[in-house]
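Asker: The primary structure of each chain is shown beneath.
There are 2 protein chains.
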Amino acid sequence: MCRVDEVMSREHDKYDKVVELAKRRGFFWPSFEIYGGVAGFYDLGPLGTLLKSNIIRLWREFFITRHMDMVVEIETPVITPEVVFEASGHLHHFTDPIVECTSCRRKFRADQLIEEALNVKVEGRSAEELTRMIRENNVRCPFCGSDLGEVRVFNLLFQTFIGPYTQNKAYLRPEAAQGMFTSFKRVHKVMREKLPLGIAQIGRVARNEISPRQGMVRLREFTIMEVEFFFDPEEPGEPPLSRFGGNLRILTADAKVRGEEGPETYGVEEAVQEGIIKNKWLAYWMAVARDFIKALGVPENHMYFEEKLPHERAHYATQTFDQLVRISRWGWIEVSGHAYRGDYDLQGHMRYSGQDLTVFKKFEKPVTRKVEKVFVNKVVIGKLFKEKSAEVLKLLESVDTDLIKEALSKGESYIEIKGFKVPASAVEVRVIEEKVVGRKFIPHVVEPSFGAERLVLMVLDHAYTEEEERVVLKVPHHIAPIKLAVFPLVAKEPLVSIAKELFSKALAEGIPAIYDDSGSIGRRYARADEVGVPYAVTVDYQTPEDKTVTIRERDTRAQVRVGLSEVVSRIKELVHA
Amino acid sequence: MCRVDEVMSREHDKYDKVVELAKRRGFFWPSFEIYGGVAGFYDLGPLGTLLKSNIIRLWREFFITRHMDMVVEIETPVITPEVVFEASGHLHHFTDPIVECTSCRRKFRADQLIEEALNVKVEGRSAEELTRMIRENNVRCPFCGSDLGEVRVFNLLFQTFIGPYTQNKAYLRPEAAQGMFTSFKRVHKVMREKLPLGIAQIGRVARNEISPRQGMVRLREFTIMEVEFFFDPEEPGEPPLSRFGGNLRILTADAKVRGEEGPETYGVEEAVQEGIIKNKWLAYWMAVARDFIKALGVPENHMYFEEKLPHERAHYATQTFDQLVRISRWGWIEVSGHAYRGDYDLQGHMRYSGQDLTVFKKFEKPVTRKVEKVFVNKVVIGKLFKEKSAEVLKLLESVDTDLIKEALSKGESYIEIKGFKVPASAVEVRVIEEKVVGRKFIPHVVEPSFGAERLVLMVLDHAYTEEEERVVLKVPHHIAPIKLAVFPLVAKEPLVSIAKELFSKALAEGIPAIYDDSGSIGRRYARADEVGVPYAVTVDYQTPEDKTVTIRERDTRAQVRVGLSEVVSRIKELVHA
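Top line first, the protein sequences correspond to chains A and B. The first sequence finishes on residue 577 if you use this note's numbering, and the numbering steps up by one all the way, no holes. The second sequence finishes on residue 577 if you use this note's numbering, and the numbering steps up by one all the way, no holes.
Rather than coming from a laboratory, the hints here were simulated on the basis of the structure. It cannot be assumed that every hint is accurate.
Identical copies look the same in the list; a pair holds intra-copy or inter-copy alike.
Stated by the list, open to error - Distance condition first, Cα-Cα at most 35 Å in a straight line; then the derived DSBU-like pairs of lysine-lysine:
| no. | residue 1 | residue 2 |
| --- | --- | --- |
| 1 | Lys14 | Lys189 |
| 2 | Lys505 | Lys294 |
| 3 | Lys256 | Lys17 |
| 4 | Lys361 | Lys17 |
| 5 | Lys572 | Lys474 |
| 6 | Lys378 | Lys418 |
| 7 | Lys194 | Lys421 |
| 8 | Lys17 | Lys189 |
| 9 | Lys492 | Lys280 |
| 10 | Lys17 | Lys373 |
| 11 | Lys278 | Lys500 |
| 12 | Lys294 | Lys365 |
| 13 | Lys378 | Lys492 |
| 14 | Lys572 | Lys294 |
| 15 | Lys505 | Lys474 |
| 16 | Lys572 | Lys505 |
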């Protein structure tokens with residue numbers, strides 16, 4: 001076996017162990033198992049739900065609570081009427097290419113099939129191009145070897161209908177973002193019309209993937225954590241970029257085109273100054289994302305940002321970075337997306353709803369501006385055009401002043417507008433002063449977006465270690481699902497009663513804890529280590545005598561003896577619960 | 001105006017004010033407003049999301065964390081394959097009657113239409129009965145006055161398809177429960193096969209209501225909070241009912257049949273002993289529900305449990321209580337349901353999946369039981385039935401021993417089984433001793449179930465008060481969305497800087513806070529009172545001198561002067577943040 005294969009096999013091995021542990025101990029497993037399962041759907045078990053809650057709590061802290069002066073959280077429905085996705089472009093753009101075997105009728109993602117068969121990248125190619133590639137390279141059905149049909153596009157929105165009127169088509173949202181766009185105006189008003197304004201949402205989304213084959217990495221239904229951050233493109237404000245230490249590791253689109261595969265490092269401010277990241281706020285949230293992923297236990301050299309090439313980007317984005325983290329088996333996976341969506345979405349919703357979604361910004365004091373205005377001798381126009389004169393006046397008011405100035409400067413005697421010949425002597429362009437109290441504009445948007453379940457897998461994968469034949473899940477203490485294990489040294493009184501009382505006290509104080517009195521103490525430590533419990537307290541024979549217990553830390557296995565009455569508060573401090 | 005009308009009008013008035021406040025200050029508003037809205041969908045704004053989070057946190061504390069030794073939380077998908085709802089009975093039973101106008105083609109809920117037109121209760125009536133009622137009483141279309149068609153049943157499940165194969169029909173779950181049932185076996189295993197075992201879930205559900213007209217009370221999509229509590233029906237364990245003080249107010253089914261409308265009070269244990277509540281664990285969770293709703297600010301005399309009559313119950317339940325709370329305009333609304341589901345759901349999933357979902361309980365020590373067994377002279381059978389003898393032997397083994405004993409006692413010479421005549425002399429029934437190590441059974445289930453959005457409305461409705469022309473939202477401090485308002489007395493330095501620093505410190509400590517320096521201090525207090533901020537801190541001219549500020553409490557308006565450095569920890573204590 002060559003070295004690469006060996007590494008690959010070890011990686012597969014690790015991934016399989018993580019998945020086995022997840023299933024056996026209750027982090028996650030395929031949904032609807034008793035019915036044979038459905039690809040792309042996973043349950044989170046008791047430990048997975050606790051871990052996911054902790055990840056969400058941390059995300060909320062990093063992206064909302066710490067920015068509560070400018071970011072608020074809202075909640076909008078999963079089921080969304082069709083018009084919203086017409087306006088957002090998802091009905092036309094949120095698609096994958098699909099191809100069917102002409103013989104066994106199995107359906108495949110055409111791009112994946114070609115990439116695997118020919119070992120090339122085809123992201124962004126049209127259905128016609130993909131069909132041609134299949135024909136030219138004789139790509140065949142991987143199951144039965146027969147010919148494949150034409151490549152078609154398949155929309156990834158789950159479709160449904162609202163109410164008993166089947167014409168009310170609706171879709172499950174594939175991102176939370178559109179809820180923030182359709183409600184932007186109201187939230188902006190509620191927040192007393194301040195900008196910048198971040199609207200965050202944590203909620204369920206669904207994507208009807210054609211044939212998801214990557215376990216928890218590619219789910220058809222998952223929890224998204226998103227911020228749509230709205231700002232004035234002319235006066236975006238000053239994000240405190242200097243607050244961030246360290247660097248961002250970035251693989252730019254240019255570097256990719258040059259054929260480079262690894263990232264380079266840039267200071268956060270430097271990345272903006274050098275034009276690598278085109279918007280300050282985009283850079284700001286990327287730096288927050290870096291710190292957030294670090295806080296989940298991923299070292300910086302296991303993470304970087306990859307700029308997407310134009311054809312790799314979503315339809316709404318003008319610049320996009322994926323935050324990539326290395327995990328076993330699947331390699332570099334996307335854990336967050338950072339898109340500069342500009343005013344694409346609000347523009348779309350203005351067009352489709354007919355509502356004004358612009359923001360009005362009052363100047364500190366009114367500004368006097370010189371503007372050119374067309375003045376018309378109404379009496380002349382009235383006499384000349386009679387019942388048509390109103391129409392002519394309207395045309396003259398809305399016409400570009402340059403056109404009129406040009407005609408006048410040429411000394412022409414008539415100015416012709418839409419077939420009306422207006423005497424030049426009746427028209428004049430004057431410069432006047434106008435008081436302007438503010439400015440109307442469509443805010444621009446940058447969006448950091450995370451999938452919570454993928455982060456659960458990422459955390460487990462990074463935390464999984466084997467030490468002397470034992471599995472230790474080194475989850476950072478502050479996100480560990482269970483904080484404390486309580487053991488009586490032996491399952492006898494009074495040790496059991498003391499241990500159970502301590503366990504109840506911990507629960508009452510809100511510390512997620514487990515009690516275990518079955519098997520040897522070594523086995524119990526191993527069971528706790530395997531699911532990442534950072535502290536284990538043992539009630540032993542000494543306890544009834546001097547009211548002390550031992551606390552053992554998971555990673556160092558260091559033990560300290562502590563007074564029974566202090567244990568709970570001590571653990572609370574240690575895990576920041 | 002008569003007294004009842006007056007009260008009604010005041011109630012409507014209050015409700016309208018609550019809804020107006022909710023919209024203006026950002027608790028909730030109809031979704032997709034810019035597209036004209038869609039009935040049954042609401043957004044939660046920034047304050048609504050915070051309030052809902054606090055309600056969920058409290059629910060988690062009451063129903064999960066405090067019971068962590070027996071209740072765990074999981075998360076399962078919203079999108080659910082069809083077979084699950086075939087097994088659960090929802091495909092056939094989760095329906096509402098619908099009737100269409102023959103002229104304008106509008107569709108209505110037939111039961112609501114009849115109830116409104118005839119002022120009778122028709123819950124549980126069949127489509128045929130409802131059609132007859134419409135015909136006999138000449139109920140007509142409320143819009144155009146034309147004839148109505150036949151009443152049909154409309155399934156309330158939102159339908160969709162998984163993947164590109166349109167035959168993979170799926171539905172959005174109308175309750176979280178089925179996820180707990182389909183995963184029961186795995187969770188039970190992960191939890192080391194203990195019973196009782198509560199599996200809780202907080203997540204999105206969707207019900208395709210025909211024409212929801214009650215705002216936040218009846219949503220087509222909402223967050224459910226449910227526990228499926230599994231126990232051994234023979235040895236259910238002893239819930240600590242004596243732990244609960246006070247009473248449960250219950251309107252029993254019997255009392256309803258007798259025509260009573262108000263509840264009677266029972267002690268929690270008494271309700272079980274008198275057979276009012278048929279299961280101890282059902283009573284246990286009802287008592288928890290009572291305490292939970294009280295903790296949300298609802299006094300006990302605004303709440304009671306109503307037992308559902310057989311035809312009012314869901315198809316899976318053998319006893320059900322709705323927990324009702326009185327709110328303005330809508331009167332008594334259901335805030336939780338408490339169903340004794342027995343083994344209905346696990347039975348269904350066993351039948352449809354072919355999987356064994358029973359639980360095996362080992363006896364403390366093996367039990368020796370006397371059992372009757374049929375012994376057969378195989379030689380005789382072999383000679384007599386030749387190639388059919390295996391079949392005959394199988395029949396004899398599975399037949400009821402009583403049948404054979406009866407035949408033998410009558411002295412018959414042949415025993416006839418499925419056409420085979422077996423000589424009586426070749427058959428004998430003997431009593432033998434058998435060692436049994438345990439017992440297999442299907443656990444029974446009780447289910448407390450809450451809708452989170454309805455609780456948001458309930459809390460606001462109960463908290464809304466008007467005092468001297470001012471609105472004060474008296475939300476209990478521990479669930480108030482914003483805990484602290486920070487004001488500089490005037491918008492001048494150094495007051496502004498001091499106030500902003502305090503505000504930042506509060507946010508950094510995780511206290512949801514607002515900063516406000518616009519308008520008079522009185523207006524700012526009013527703005528904070530209106531959204532239920534329990535404490536307002538004012539930085540005044542004295543602050544730069546002696547480093548003290550005033551803290552004002554919302555309900556009493558009492559003010560105390562406190563050192564600037566202690567404010568944050570003081571507020572934390574006060575709100576239990």
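Asker: At most 35 Å between C-alpha atoms: does lysine 492 with lysine 280 qualify within a copy, between copies, both, or neither?
Answerer: between (63 Å within a copy, 30 Å between copies)
Asker: Within a copy, between copies, both or neither: which one fits lysine 361 and lysine 17 at a CA-CA cutoff of 35 Å?
Answerer: between (57 Å within a copy, 30 Å between copies)
Asker: If the cut is 35 Å between Cα atoms, do lysine 572 and lysine 474 qualify within a copy, between copies, both or neither?
Answerer: both (18 Å within a copy, 32 Å between copies)
Asker: With identical chains treated as interchangeable, where does the CA-CA distance between lysine 278 and lysine 500 reach 35 Å or less: within a copy, between copies, both, or neither?
Answerer: Only across copies: lysine 278 and lysine 500 sit 31 Å apart there, 58 Å inside one copy, limit 35 Å.
Asker: Could you figure out if lysine 505 and lysine 474 sit no more than 35 Å apart (CA to CA) within one copy, between two copies, both or neither?
Answerer: Answer is both; intra-copy 25 Å and inter-copy 32 Å each pass.
Asker: Can you give me the call for lysine 378 and lysine 418, within, between, both or neither, at a CA distance of at most 35 Å?
Answerer: Answer is within; shortest intra-copy Cα gap is 18 Å, inter-copy 110 Å.
Asker: If the cutoff is 35 Å on CA atoms, where do lysine 572 and lysine 505 land: within, between, both or neither? Let me know, please.
Answerer: Classified as both: same-chain Cα gap 12 Å, cross-chain 22 Å, threshold 35 Å.
Asker: Taking 35 Å as the upper bound on the Cα-Cα distance, should lysine 194 and lysine 421 be classified as within, between, both, or neither?
Answerer: neither (49 Å within a copy, 93 Å between copies)
Asker: I want to check one pair: lysine 572 and lysine 294. Are their C-alpha atoms no more than 35 Å apart within a copy, between two copies, both, or neither?
Answerer: both (22 Å within a copy, 29 Å between copies)
Asker: With identical chains treated as interchangeable, where does the CA-CA distance between lysine 14 and lysine 189 reach 35 Å or less: within a copy, between copies, both, or neither?
Answerer: Answer is between; shortest inter-copy Cα gap is 24 Å, intra-copy 51 Å.
Asker: Using 35 Å as the alpha-carbon threshold, which applies to lysine 294 and lysine 365: within, between, both, or neither?
Answerer: This pair counts as neither: shortest intra-copy Cα distance 45 Å, inter-copy 52 Å.
Asker: From the Cα coordinates, with 35 Å as the cut-off, is the pair lysine 17 and lysine 189 best called within, between, both, or neither?
Answerer: For lysine 17 and lysine 189, the Cα distance is within 35 Å only across copies (19 Å; inside one copy 51 Å).
Hint check: violations occur at hints 7, 10, 12 and 13; the rest are consistent with the structure.
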